[in-house]
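Trainee: Chains as they are written, first to last, in this note's numbering: chain F, 1 to 592; chain D, 1 to 287.
It is worth saying that the hints were derived from the structure and are not from the lab.
C-beta atoms are modelled at their ideal positions from N, C-alpha and C, and glycine is treated no differently.
A couple of the hints might just be wrong.
To be verified - Calculated lysine to any residue pairs in the SDA-like style (CA-CA distance at most 20 Å, straight line):
hint, chain 1, residue 1, chain 2, residue 2
1, D, Lys-14, F, Val-564
2, D, Lys-11, F, Gly-424
3, F, Lys-387, D, Glu-277
4, F, Lys-387, D, Asp-252
5, F, Lys-22, D, Phe-286
6, D, Lys-14, F, Asp-402
7, D, Lys-11, F, Gln-408
8, D, Lys-14, F, Asp-438
What the hints assert, rightly or not - If you want the footprint, here are the derived chain F segments under chain D, 3+ residues with CB under 8 Å:
hint, stretch
9, 239-251
10, 323-331
11, 541-551
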Amino acid sequence: MPEDLNWAIGGEAGDGIDSTGKIFAQALSRAGRHVFTSKDFASRIRGGYTAYKIRTSVDRVESVVDRLDILIALTERTIHENEDELHEGSVIIYDGERSTMQDVEVPEGTHAMTVPLKSLAEDAGGAIMRNVVALGAACEVANFPIENLDEALAKRFSDKGEAIVENNEKAARLGQEYVAENYDLDTDYDLETTDNDYVLLNGDEAIGMGAIAAGCRFYSGYPITPATDVMEYLTGRIEDYGGAVIQAEDELSAVNMALGAARAGARSMTATSGPGIDLMTETFGLVATTETPLVICDVMRSGPSTGMPTKQEQGDLNMVLYGGHGEIPRFVVAPTTVAECFWKTVEAFNLAEQYQTPVFLVSDLALAVTEQTFPPEAFDMDEIEIKRGNVVDEDEIDSWLDEQGRFQPHFPTADGVSPRAFPGTTDGAHMTTGLEHDSLGRRTEEEEVRVEQVDKRNRKVETAKENEDWDYREFGDPDADTLVVSWGSNEGAMREALELLDENGHDVRFISVPYLFPRPDLGDEVEAAEDVIVVECNATGQFADVLEHDVLERVDRINKYTGVRYKADELAEDVAAAITGDADDTQEVEAE
Amino acid sequence: MSSDVRFTDFKSDKQPTWCPGCGDFGTMNGMMKALAETGNDPDNTFVVAGIGCSGKIGTYMHSYALHGVHGRALPVGVGVKLANPDLEVMVAGGDGDGFSIGAGHFVHAVRRNVDVTYVVMDNRIYGLTKGQFSPTSREDFETSTSPEGPQMPPVNPLALALSAGGTFIAQSFASDAKRHTEIVKEAIEHPGFGFVNVFSPCVTFNDVDTYDYFRGAIVDAEDEEHDPTDFDAARDLILDRDREYQGVLYRDSDSVTYEEAHGLTANMADIPDGAPEDAMDLVREFY
Numbered sequence: 001m002p003e004d005l006n007w008a009i010g011g012e013a014g015d016g017i018d019s020t021g022k023i024f025a026q027a028l029s030r031a032g033r034h035v036f037t038s039k040d041f042a043s044r045i046r047g048g049y050t051a052y053k054i055r056t057s058v059d060r061v062e063s064v065v066d067r068l069d070i071l072i073a074l075t076e077r078t079i080h081e082n083e084d085e086l087h088e089g090s091v092i093i094y095d096g097e098r099s100t101m102q103d104v105e106v107p108e109g110t111h112a113m114t115v116p117l118k119s120l121a122e123d124a125g126g127a128i129m130r131n132v133v134a135l136g137a138a139c140e141v142a143n144f145p146i147e148n149l150d151e152a153l154a155k156r157f158s159d160k161g162e163a164i165v166e167n168n169e170k171a172a173r174l175g176q177e178y179v180a181e182n183y184d185l186d187t188d189y190d191l192e193t194t195d196n197d198y199v200l201l202n203g204d205e206a207i208g209m210g211a212i213a214a215g216c217r218f219y220s221g222y223p224i225t226p227a228t229d230v231m232e233y234l235t236g237r238i239e240d241y242g243g244a245v246i247q248a249e250d251e252l253s254a255v256n257m258a259l260g261a262a263r264a265g266a267r268s269m270t271a272t273s274g275p276g277i278d279l280m281t282e283t284f285g286l287v288a289t290t291e292t293p294l295v296i297c298d299v300m301r302s303g304p305s306t307g308m309p310t311k312q313e314q315g316d317l318n319m320v321l322y323g324g325h326g327e328i329p330r331f332v333v334a335p336t337t338v339a340e341c342f343w344k345t346v347e348a349f350n351l352a353e354q355y356q357t358p359v360f361l362v363s364d365l366a367l368a369v370t371e372q373t374f375p376p377e378a379f380d381m382d383e384i385e386i387k388r389g390n391v392v393d394e395d396e397i398d399s400w401l402d403e404q405g406r407f408q409p410h411f412p413t414a415d416g417v418s419p420r421a422f423p424g425t426t427d428g429a430h431m432t433t434g435l436e437h438d439s440l441g442r443r444t445e446e447e448e449v450r451v452e453q454v455d456k457r458n459r460k461v462e463t464a465k466e467n468e469d470w471d472y473r474e475f476g477d478p479d480a481d482t483l484v485v486s487w488g489s490n491e492g493a494m495r496e497a498l499e500l501l502d503e504n505g506h507d508v509r510f511i512s513v514p515y516l517f518p519r520p521d522l523g524d525e526v527e528a529a530e531d532v533i534v535v536e537c538n539a540t541g542q543f544a545d546v547l548e549h550d551v552l553e554r555v556d557r558i559n560k561y562t563g564v565r566y567k568a569d570e571l572a573e574d575v576a577a578a579i580t581g582d583a584d585d586t587q588e589v590e591a592e
Numbered sequence: 001m002s003s004d005v006r007f008t009d010f011k012s013d014k015q016p017t018w019c020p021g022c023g024d025f026g027t028m029n030g031m032m033k034a035l036a037e038t039g040n041d042p043d044n045t046f047v048v049a050g051i052g053c054s055g056k057i058g059t060y061m062h063s064y065a066l067h068g069v070h071g072r073a074l075p076v077g078v079g080v081k082l083a084n085p086d087l088e089v090m091v092a093g094g095d096g097d098g099f100s101i102g103a104g105h106f107v108h109a110v111r112r113n114v115d116v117t118y119v120v121m122d123n124r125i126y127g128l129t130k131g132q133f134s135p136t137s138r139e140d141f142e143t144s145t146s147p148e149g150p151q152m153p154p155v156n157p158l159a160l161a162l163s164a165g166g167t168f169i170a171q172s173f174a175s176d177a178k179r180h181t182e183i184v185k186e187a188i189e190h191p192g193f194g195f196v197n198v199f200s201p202c203v204t205f206n207d208v209d210t211y212d213y214f215r216g217a218i219v220d221a222e223d224e225e226h227d228p229t230d231f232d233a234a235r236d237l238i239l240d241r242d243r244e245y246q247g248v249l250y251r252d253s254d255s256v257t258y259e260e261a262h263g264l265t266a267n268m269a270d271i272p273d274g275a276p277e278d279a280m281d282l283v284r285e286f287y
């Protein structure tokens, strides 16, 4: 466990909690300290309890913990909400002059530190700066040189003019001086600084930055917590690269616009959360059967229905693995850290175009709202390679025309990947449709063609399984008897948990799985372990189900997907073949 | 773009399976002629089709085309056009596709004013599912799902478009080939969202809104010396439900497209083979 300090500011939504917390997080990051933030918030604009929490250390921090050392409480409720996290020696900074906080009682053992936030802010130039006064007070408590705040204050307020920046600097110092003069606490908090340079960003921003880096030029979406930050990040930035963000009228439109842009040849994406994914499900099959490269990002939140929109859950796994009627070949990729949100986005675009398949990029609220520090090299843009797959231009198109000179967008190649001609390419005109189609993209119900096209689409997944890495990330003791498996944002917390478990004598091997489909085969790992534990933020254990399914002894399978029902004599023949011979042959029987 | 493109170049070698006499034949022919006469060719044209009898148009035409999900043709067309403004984008669908399941998209596509052409083959019936009432069916139109008629007023798509800030609102009749072609041509040439509602009779399931009915009822706005740039005059014609108007009913000569307003000119398909050169600036923003 890193030597850390846990800090928070809490109050009512509308109190500027978020921006104040962000200023302190940025100050810490600029001072060369690692930061990991989290938010308690409600889905409302004003009122209700909200808090911004920071865990900081000179070492990397990967998780939040259940401990709070310094709390700035703008409301009494903030103290009650965090009672369990406060401990002997925690410092609670609040404005004892505030009418609602004059009779506040702090938990036993904690230090109550009343600071006249509002009056001091007024002395500095305006009551609005009371949160900044509190930041100054916190700097004094934490032995954090106050100069570190200045840069973050300048970043936040410079567009409002130099005077405002100066007033804020003054407000912070008044808070600091007040504490220095009036309190002499024997706390040993000491926020040392380093020369390291870190960047501070959250998972949604990492996804947005990854998209631009990967050549995404078209984003259409509909605002929804906690995915909106992706859209807001891209707005005002993607335009610099010749791209556009479109706010659609709903998620049905958003995913179809993105599909249209992808048909035109753009790297294209949409991002949403559970309720939006429900709507977009309508179009999953169209994306897959028209073989359109599209990145669909689901930043998961608590469901079902409207659920708890500002709370964490990994409840959409079954949805992204299986959502949509019919059988839909797809890839499902789930970043496990904020930095991985960036890299998996880049990878998602490459997978989408190389295999002309929808790619689900599955993040979660915990990743979306966590701001975490990284050395800038963690996002080394030189490492990015754009793989566009089998795009054919005017010179290459001849080899993909049929005898009548017609382009074949769904030609059943050996690896399943067909040629792709962007509109505007001479002699490339072709149609495609959500109806089952032939290699020309025209509707068909012929059994042979149907089977050929289903097989070719599924073959792309098989090709990808062979050609791409579907590795897991591994931590802890590789020889331990206990195997913990997880996916998504739990990785950070579990990594730190390993250290705590180790201190208590528990050896654990931890596998974090970023690829949910195709996914790594964990058969051997499960076999080698005595206990297998799957950790996930949902009630029913959706990934646990998947893992149990994967390690099952396989059943023989007889499948038919020509569009014609089973007939008794045919079925008897197929079952007999499965009993006596190679079950794989049954597929051939149907395809004939 | 070659100058010698003929309208038959837009015809695929697939024979339409529309019922003989279906209005969609005439609608499609006019679209192909209009495309050819406005200097387009199949390789720079993208047709997006909805679901329903009309949705089959993508198969019978030769161009880049996508036949998508019921009701969502307009968002697809908007996505295609914004990603590559050099393409000629034509979206086609039926009255169910556009004014029922896709009504929400219709209103917003009109507002957005992206430079696409939207042709609705309005037959006032659900044909492909064998005869249920549609959003433009008459209040007393008896069908298998409305034995006494829908008992609701039909949608007025032109009024919807006008109230949503439409910049080009027109109506045509599939069997008046000359006027239909002219009107679609104007829609293509209009900078912005060109909306043409086409009376495209269903000869199998609609015995009310027939060719004969339209022939008798249609009033050509041109003959009435209607000035399509006069908003008030356009409103009066559009809200007059006692007559069936054909022609360009409203045109905003100051139309500014979404692409223009947002400075979108690039073909978004063109990207470098690595991250953009100055991409590390994006990282440094997070200091």
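Trainee: Looking back at the numbered hints, which does the structure fail to meet, lowest number first?
Mentor: Failing hints, ascending: 1, 4, 10, 11.
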